[in-house]
Amino acid sequence: MRQYLFLAIASACSTVAAQTPATNPMPDGSRDMYIGIGVQSIPRYDGASDNRTRPLPVLQVQWSNGIFVSGTSVGWHLSQSPSMEFGPMLVLSPRRDQDGVSFGVGSVSDGTGARMAHSSFRPDEFAVRESFDDNRLRYMDVVKRHVLAGGFFNYYLSPKLRLTNTLTYGSGRDHDGARLHTALQYMMEDVAPHHTVVLSAGVSVVDRAYNETWFGVTAEEAERAGAKGYYRPGAGVQDVRAGVRWNWALSPNWMLTSGATVNRLVGDAKDSPLVERATNYSVSTALAYRF
Amino acid sequence: MKTLTSLRTTLPAVCLAVVCCAVQAQEEWVSYRDAYKQMVVFAKYGKPKNFLQIHYEVSPRDPVATLEGLHLTLTGKNTQLNLPLDATGRAVFPLLKAAYDDNAVLALNRRMASYRFAPRVTILTRNDGIYESTDLRAACEQALAYQRFIDSSYGSKKCSGVRFVFGNRADALVQAKYGPREAPLPVVDGPAFDGETLGVYRTATYRFADWSAQGQVVSQNTPLAIAPLFE
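First to last, the sequence lines map onto chains A and B. Residues in the first sequence are numbered consecutively from 1, following the numbering used here. Residues in the second sequence are numbered consecutively from 1, following the numbering used here.
Bound conformation, chain A alone (with noise of 0.2 Å):
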């Protein structure tokens, strides 16, 4: 029953939880898509410094049997409540190598510069990072694009106020990084006609093995960069974030879809070497066409 929009962005930025469309009843065999292109504004990788502009694929789509596919997420709504939304999904998780974070869309940046320094596994104790590289991730090892099992799990406070839980498993280096983000969603319909925004807040929590993938030194990468000691993250609260969507439906084919988050590492992944910046941005705007 819901009516509320959520063009989930086929995001370079990919430790970003996909959004779920909500339960959406049509008729027996119709569909409801959106496809679109537009560009976005985010970080390199998540703790970068700087933001690099890229090309925004825009995709979702929801068939009657429930199946969606939501930007680089492919989930089944299997509740029947329109107050609840639950259901399995799998997620692509994307790829990190030393130009950052990539879904093979657009171009990357080269990063250049010295060594990375950190000294110790306990995040308190790297105290030094002015001789950093200034591609932190140039001796990184490459982390691979996955495939994440996962599910969700949305309640309707109201009609207004969504509270959503999104978990994934199977990121990392090892295919055991698990990470739940949780988030509060406030919808606005009425704001104006045609115009609706979306106000959130949420938390993510990881176990260690996703924080020391995305996070984490080991002893041979930190030997390639010449540095002392390695880091190992534990599990806990990686971040916290706060975004605004707004989606401007143009016609009643076209919409313009446009978002904001500001992010910010917390814990052990804000202690992480790899960190060049705790609070991080990331801005988009798209035209998408509703099929």
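These are computed hints drawn from the structure, not numbers from a lab. Treat the hints with care, as some may be off.
[To be verified] Under the rule of at most 25 Å between Cα atoms (straight-line distance), these lysine to any residue pairs were calculated in the SDA-like manner:
#, chain 1, residue 1, chain 2, residue 2
1, B, Lys157, A, Ser158
2, B, Lys44, A, Ile67
3, B, Lys77, A, Ser158
[Stated by the list, open to error] Here are a few chain B residues that sit away from chain A, every Cβ distance over 10 Å (derived from the structure):
#, residue
4, Leu83
5, Ala87
6, Ala113
7, Thr125
8, Glu132
9, Arg137
10, Glu141
11, Ala145
12, Ile150
13, Asp151
14, Ser152
15, Lys158
16, Asp171
17, Lys177
18, Val188
19, Ser212
Glycine residues also receive a C-beta, built at the ideal position from the N, C-alpha and C atoms.
Once you have looked at the hints, place chain B on chain A.
Same frame as chain A, now just chain B:
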């Protein structure tokens, strides 16, 4: 890099052009798909609803907006339907696969910003005008159960009564009966439905707490609507 550079310059220009065209072409419409998603929930609702009906309601958002002369039309490639609005702004909503697949629109002949669009669940009227009190309570409970189904914030609310809505004061003759006790329900001017502030109708409210569960309510004329009341 060349591709990216050209994208950076051309994409915003293309987007701007499309946006300008789209804005110029914008009309007063509501997406049929979006409305369908709201309305079909009632059709698929599996719990008791034999006392209930659902309409698509167009209600004024500001005092100057009126329902007089208002026309709602379903318009698509292969669909063209006039959806007549009753005196309370409600229309029977057709659930049509063809219109959904065409991405049809609900078009309004007025400025859309002045109106709200939403499903409205009301209690079915009877031709004989005689309503058993137990039926009205059951109808209100059905409506509340449905409301809780679509909006969990209604969990703490309770049924307090039903409101008979009329257009003319002369029609608003509603009597409550319980054994020898018989009294007309007071008629007041006000909005037709819970949660609305605009619109002036003649309303007679039957509060459950004021009457026995075994009585009757007799309406001399068929009301425009019978609305459940939750508190």
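Here is what the structure says about each hint:
no., hint, verdict
1, B:Lys157 x A:Ser158, "holds (13 Å)"
2, B:Lys44 x A:Ile67, "holds (18 Å)"
3, B:Lys77 x A:Ser158, "violated (35 Å)"
4, Leu83, "holds (17 Å)"
5, Ala87, "holds (24 Å)"
6, Ala113, "violated (5 Å)"
7, Thr125, "holds (26 Å)"
8, Glu132, "holds (31 Å)"
9, Arg137, "holds (25 Å)"
10, Glu141, "holds (18 Å)"
11, Ala145, "holds (13 Å)"
12, Ile150, "violated (5 Å)"
13, Asp151, "violated (5 Å)"
14, Ser152, "violated (5 Å)"
15, Lys158, "holds (18 Å)"
16, Asp171, "holds (33 Å)"
17, Lys177, "holds (38 Å)"
18, Val188, "holds (28 Å)"
19, Ser212, "holds (35 Å)"
The structure shown violates the earlier hints numbered 3, 6, 12, 13, 14.
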